[in-house]
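Colleague: Sequence:
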Amino acid sequence: MFLAKKFIGGIIDVISDIDPGQLIPSDPPPPRRPFNFAESHESEEEKQFRKVFQQLAGDDMEVSPNELMNILNKVVGKHGSLRTDGFSIESCRSMVAVMDSDSTGKLGFHEFKYLWNNIKRWQGVYLSHDADGSGVICSRELPPAFKAAGFPLNDQLYKLIIRRYSDEHGDMDFDNFIGCLVRLDAMCRAFKTLDKDNNGSIDLDIKEVKHFIYSISEEVWFLSAEKGEKTSKIHIVSHGAAVFHQI
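Here the UniProt record's numbering is used: the first residue of the sequence shown is 1, the next is one more, and so on.
Treat the hints with care, since some could be wrong.
[As the list claims (entries may be wrong)] Think about it this way: if two alpha-carbon atoms lie no more than 25 Å apart in a straight line, the pair counts; the simulated SDA-like pairs of lysine to any residue are: (1) Lys78 with Ser134; (2) Lys113 with Gln48; (3) Lys120 with Asn73; (4) Lys113 with Ser88; (5) Lys47 with Met61; (6) Lys159 with Asp85; (7) Lys192 with Asp155; (8) Lys74 with Ser88; (9) Lys120 with Gly150.
Calculated from the structure, these hints are not laboratory results.
Please read these numbers as outputs of a predicted model, since none were measured by experiment.
All chains, full assembly: derive it from the sequences and hints.
Modeller: In structure tokens, the structure reads:
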């Protein structure tokens, strides 16, 4: 149960013990509904989390990129085992962009809750796969870490991710780990939304391609479908490199 008093003033310290082996993907955030409707249909845990959210979001009941940055940096500041340079405003803007389902430029209650629950789980994955206790995940620790987080990727995509999110030694710190997973999660959710027949393939015209790119990131990620495969494959071209991601 979430205790609102632990969050007063935006100070968050409710990261619980997580068993990565029990990870199951979260359901996507539901559409926004009027406050009175939402309040009357929420569980006790959701009501407690809403109280927390009110403390964090302020009167507008939405979390801006700057507010998200402050929240996340207070979290990592309380956990010395997480090596990080801190979440930048650019990183938080990107996270808000891929989570913002109604294009308000901010995160509403369900959007924030979905992101927050994912970050809690992914923190558990991060800590459990930092085998040497260095505070970062090195390149050899990344594949099992991403698999435990729900993203079993191939070697080509790992190399692409390391170039984009790791330092010159191949080490990935916590904020880059979270930023990468948020984008992968958004990409997979967008693909599943377009895969209306649930057959693992989609056809996109040029307008849909542009919309897909815009919806998952401000970076250039191109997706098209592979035909004739029973497994779900996404053909991605990012920074000029073609890779395959099997869901």
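Colleague: Under the constraints set out in the numbered hints, which ones does this structure not fulfil?
Modeller: none
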